[in-house]
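Chains as they are written, first to last, in our numbering: chain F, 1 to 107; chain S, 1 to 416.
If you are wondering where the hints come from, they were derived from the structure by calculation, not from laboratory data. Hints are supplied without guarantee of correctness; some may be wrong.
[What the hints assert, rightly or not] Below 25 angstroms or equal to it, Euclidean Cα-Cα: the simulated DSS-like pairs (lysine-lysine) are: (1) 158/S x 100/F; (2) 68/S x 100/F; (3) 100/F x 69/F; (4) 160/S x 68/S; (5) 156/S x 68/S; (6) 158/S x 68/S.
[Said to hold, decoys possible] Short, incomplete list of chain F residues facing chain S, as computed with Cβ under 8 angstroms: (7) 1; (8) 82; (9) 83; (10) 84; (11) 105; (12) 107.
[Said to hold, decoys possible] Each pair of labels, with its calculated beta carbon distance range: (13) 281/S x 43/F: 55 to 61 angstroms; (14) 32/F x 76/S: 38 to 44 angstroms; (15) 145/S x 91/F: 32 to 38 angstroms; (16) 32/F x 213/S: 43 to 49 angstroms; (17) 13/F x 173/S: 25 to 31 angstroms.
Here a beta-carbon is modelled for each residue, glycine too, at the ideal position from N, C-alpha and C.
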Amino acid sequence: MRYLVSVIHDRDQPDDPSRRPAISAFNERLIEEGYWVFAGGLADTDAATVVDNRGEEPVFSDGPFLESKEYLAGVWLWDVPDLDVALRLAAEASEACDRKIEVRPFV
Amino acid sequence: MIDVEEVIAGVHREEWARIVAALTRRFGDFDVAEEAAAEAFATAVERWRSDGVPPNPGAWLTMTAVRKAIDRIRRENTRDDRHREARMLYDTPPEPSHVIEDDRLRLIFTCCHPSLAMQTRVALTLRMVGGVTVAEIARAFLVQEAAMARRITRAKSKIKAAGIPYRVPSAEDFPRRLSGVLAVLYLMFNEGYLTGGEASDPVRLDLTGEAIRLTRLLHALLPDDGEVTGLLALMLLAEARGSARLSSDGELVTLDEQDRRAWDRGLIDEGQRLIRGRLFAAAEGTPPGRYQLLAAISAVHTSAADFADTDWSQILALYDRLSRIDASPIVALNRAVAVAEIDGAETALDLVDQLAGSLDDYHAYHATRADLLRRLGRPEPARSAYERAIALTGNSAEIAVLIRRRDQMLANEERP
Numbered sequence: 001m002r003y004l005v006s007v008i009h010d011r012d013q014p015d016d017p018s019r020r021p022a023i024s025a026f027n028e029r030l031i032e033e034g035y036w037v038f039a040g041g042l043a044d045t046d047a048a049t050v051v052d053n054r055g056e057e058p059v060f061s062d063g064p065f066l067e068s069k070e071y072l073a074g075v076w077l078w079d080v081p082d083l084d085v086a087l088r089l090a091a092e093a094s095e096a097c098d099r100k101i102e103v104r105p106f107v
Numbered sequence: 001m002i003d004v005e006e007v008i009a010g011v012h013r014e015e016w017a018r019i020v021a022a023l024t025r026r027f028g029d030f031d032v033a034e035e036a037a038a039e040a041f042a043t044a045v046e047r048w049r050s051d052g053v054p055p056n057p058g059a060w061l062t063m064t065a066v067r068k069a070i071d072r073i074r075r076e077n078t079r080d081d082r083h084r085e086a087r088m089l090y091d092t093p094p095e096p097s098h099v100i101e102d103d104r105l106r107l108i109f110t111c112c113h114p115s116l117a118m119q120t121r122v123a124l125t126l127r128m129v130g131g132v133t134v135a136e137i138a139r140a141f142l143v144q145e146a147a148m149a150r151r152i153t154r155a156k157s158k159i160k161a162a163g164i165p166y167r168v169p170s171a172e173d174f175p176r177r178l179s180g181v182l183a184v185l186y187l188m189f190n191e192g193y194l195t196g197g198e199a200s201d202p203v204r205l206d207l208t209g210e211a212i213r214l215t216r217l218l219h220a221l222l223p224d225d226g227e228v229t230g231l232l233a234l235m236l237l238a239e240a241r242g243s244a245r246l247s248s249d250g251e252l253v254t255l256d257e258q259d260r261r262a263w264d265r266g267l268i269d270e271g272q273r274l275i276r277g278r279l280f281a282a283a284e285g286t287p288p289g290r291y292q293l294l295a296a297i298s299a300v301h302t303s304a305a306d307f308a309d310t311d312w313s314q315i316l317a318l319y320d321r322l323s324r325i326d327a328s329p330i331v332a333l334n335r336a337v338a339v340a341e342i343d344g345a346e347t348a349l350d351l352v353d354q355l356a357g358s359l360d361d362y363h364a365y366h367a368t369r370a371d372l373l374r375r376l377g378r379p380e381p382a383r384s385a386y387e388r389a390i391a392l393t394g395n396s397a398e399i400a401v402l403i404r405r406r407d408q409m410l411a412n413e414e415r416p
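Isolated chain F (complex conformation):
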């Protein structure tokens, strides 16, 4: 099954570059074990633009669709046998990043 695994940042907890080696090591293991499909970090939500073209013409608004203290800072896409495997990896991911992680299945 495929899962979108989101890294949730908190505005009160600044980014910690010292985590990067742990995250890289974790990524290498994901690739080795065949679970890794895709991963990417996201720029700050200030860089987001919301587009709404449900009306007569497209409306562009500056910023994320939801303003909140917590925001999505990066995603993985994993292909694993089931939720138990996904949760075990997510627990390691949370430790490596020192962040909360959301695991959500694709339909």
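Based on the hints, put chain S in the right spot on chain F.
Structure of chain S alone, referenced to chain F:
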């Protein structure tokens, strides 16, 4: 003459979990399994009345449930289901019986999966493993039936959509997942035990009884696990004292005031036997976990002829061990109660006061303080502690005993 209803009730108790578990494995779908099992029992009620009870009721029900499930899948008949149908018709070799035992374990672990909310795990376990109806579960938790049905439906869809596997966890995950299952069963038991004071609803589901039944099942499936045995012993020793816990006017009777002749000797003997067996095993290696220590504490209490006779030093020693594996303030609070019996109320109060920061919103903290202050002859602070405890308690039987103690204390004060 055989009472068919009674036979069906008995078979339901014995076979429900087995049927749902086997169907879930075969069809890979909780919803199909649950509905087909329920339909099979409904059919049994009709058929057995006219045709008599079949020689092997469990096999009859399983066969009927399998047919119901196949009918449903054919009715829905989407492309995915046709694949599934082909698979279930041709790819299901007969399983040896030990694998069938395993199915019920799979069912329990899946219902108690950590990705489900705690209350959902309790409800789902009661429905899928216990075979309790949604209406009964709703009534037990004082929610609308429709709301409970939605909660259970949502859980079943999450299991499917999120890819929660139908299996006993891997060796690596097993200990943590098993303690998760035990937490669900203990919560179920306590839900029944603590709200037992308000049993104004005579048709209300016996949650403590259900929790014991399910823990017995788990114990039968994992007979060598010390914590499963410990939890079962703990529940039996608490249940044994159930009828002595409430006075005729609905007041909670604390351990020191209980009529010990009203305790259920059969349950006490069984609980004590289970925990003694474990403490032997523990002496040889694995140290006892939380439930075994709590059960051992209950065993000491239930061995005493009366409250004054209680072996407090043994209870304190057990709480010391418990605090080493569970440093929670609630354990520390209960430990302080034992300290009061050995070193006196003053020493205990010092210990209790240190817990103010973490337990200020917990009624038992204030109730314990109130009793200690009363024993120390300090009615004013005792009175305000009783009042805090009364305000924080939701249980009417507990409120009744707190009010009586406070009023008795104040009446003694006013006497010249």
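Quick rundown of the hints versus the structure:
For the given pair, residue 158/S sits about 21 angstroms from residue 100/F by alpha-carbon distance, which is consistent with the 25 angstroms threshold. The hinted pair formed by residue 68/S and residue 100/F fails the criterion: a straight-line CA distance of about 44 angstroms is larger than 25 angstroms. The suggested pairing of residue 100/F with residue 69/F holds, with an alpha-carbon distance near 13 angstroms, which does not exceed 25 angstroms. Note on residue 160/S and residue 68/S: the hinted pairing holds, with a Cα-Cα distance of about 20 angstroms set against a maximum of 25 angstroms.
Using a Cα cut-off of 25 angstroms, the hinted pair residue 156/S and residue 68/S holds, with the two alpha carbons roughly 19 angstroms apart. Taking the CA atoms of residue 158/S and residue 68/S, the gap is about 23 angstroms. The hint holds against a cut of 25 angstroms. Proximity of residue 1/F to chain S holds as hinted, the smallest CB-CB distance being about 4 angstroms (cut-off 8 angstroms). For residue 82/F, the interface hint holds, since its Cβ comes within 8 angstroms of a Cβ in chain S; the closest pair sits about 4 angstroms apart.
At its closest, the beta carbon of residue 83/F sits 5 angstroms from a beta carbon of chain S; the interface hint therefore holds under the 8 angstroms criterion. The closest approach between the C-beta of residue 84/F and any C-beta of chain S is roughly 5 angstroms, which is under the 8 angstroms cut-off, so the hint is satisfied. At about 5 angstroms, the closest approach between the beta carbon of residue 105/F and any beta carbon in chain S falls short of 8 angstroms, and the interface hint on this residue holds. Taking 8 angstroms as the C-beta contact cut-off toward chain S, the hint placing residue 107/F at the interface holds, the least distance being around 7 angstroms.
Taking 55 to 61 angstroms as the suggested C-beta distance range, the pair residue 281/S and residue 43/F conforms, at roughly 58 angstroms. Range check, residue 32/F to residue 76/S: Cβ separation about 41 angstroms, and the 38 to 44 angstroms hint holds. Range check, residue 145/S to residue 91/F: about 37 angstroms between beta-carbon atoms, so the 32 to 38 angstroms window is met. A beta carbon spacing of about 46 angstroms between residue 32/F and residue 213/S agrees with the range 43 to 49 angstroms that was offered as a hint.
Distance hint for residue 13/F and residue 173/S: a CB-CB separation of about 29 angstroms, consistent with the stated range 25 to 31 angstroms.
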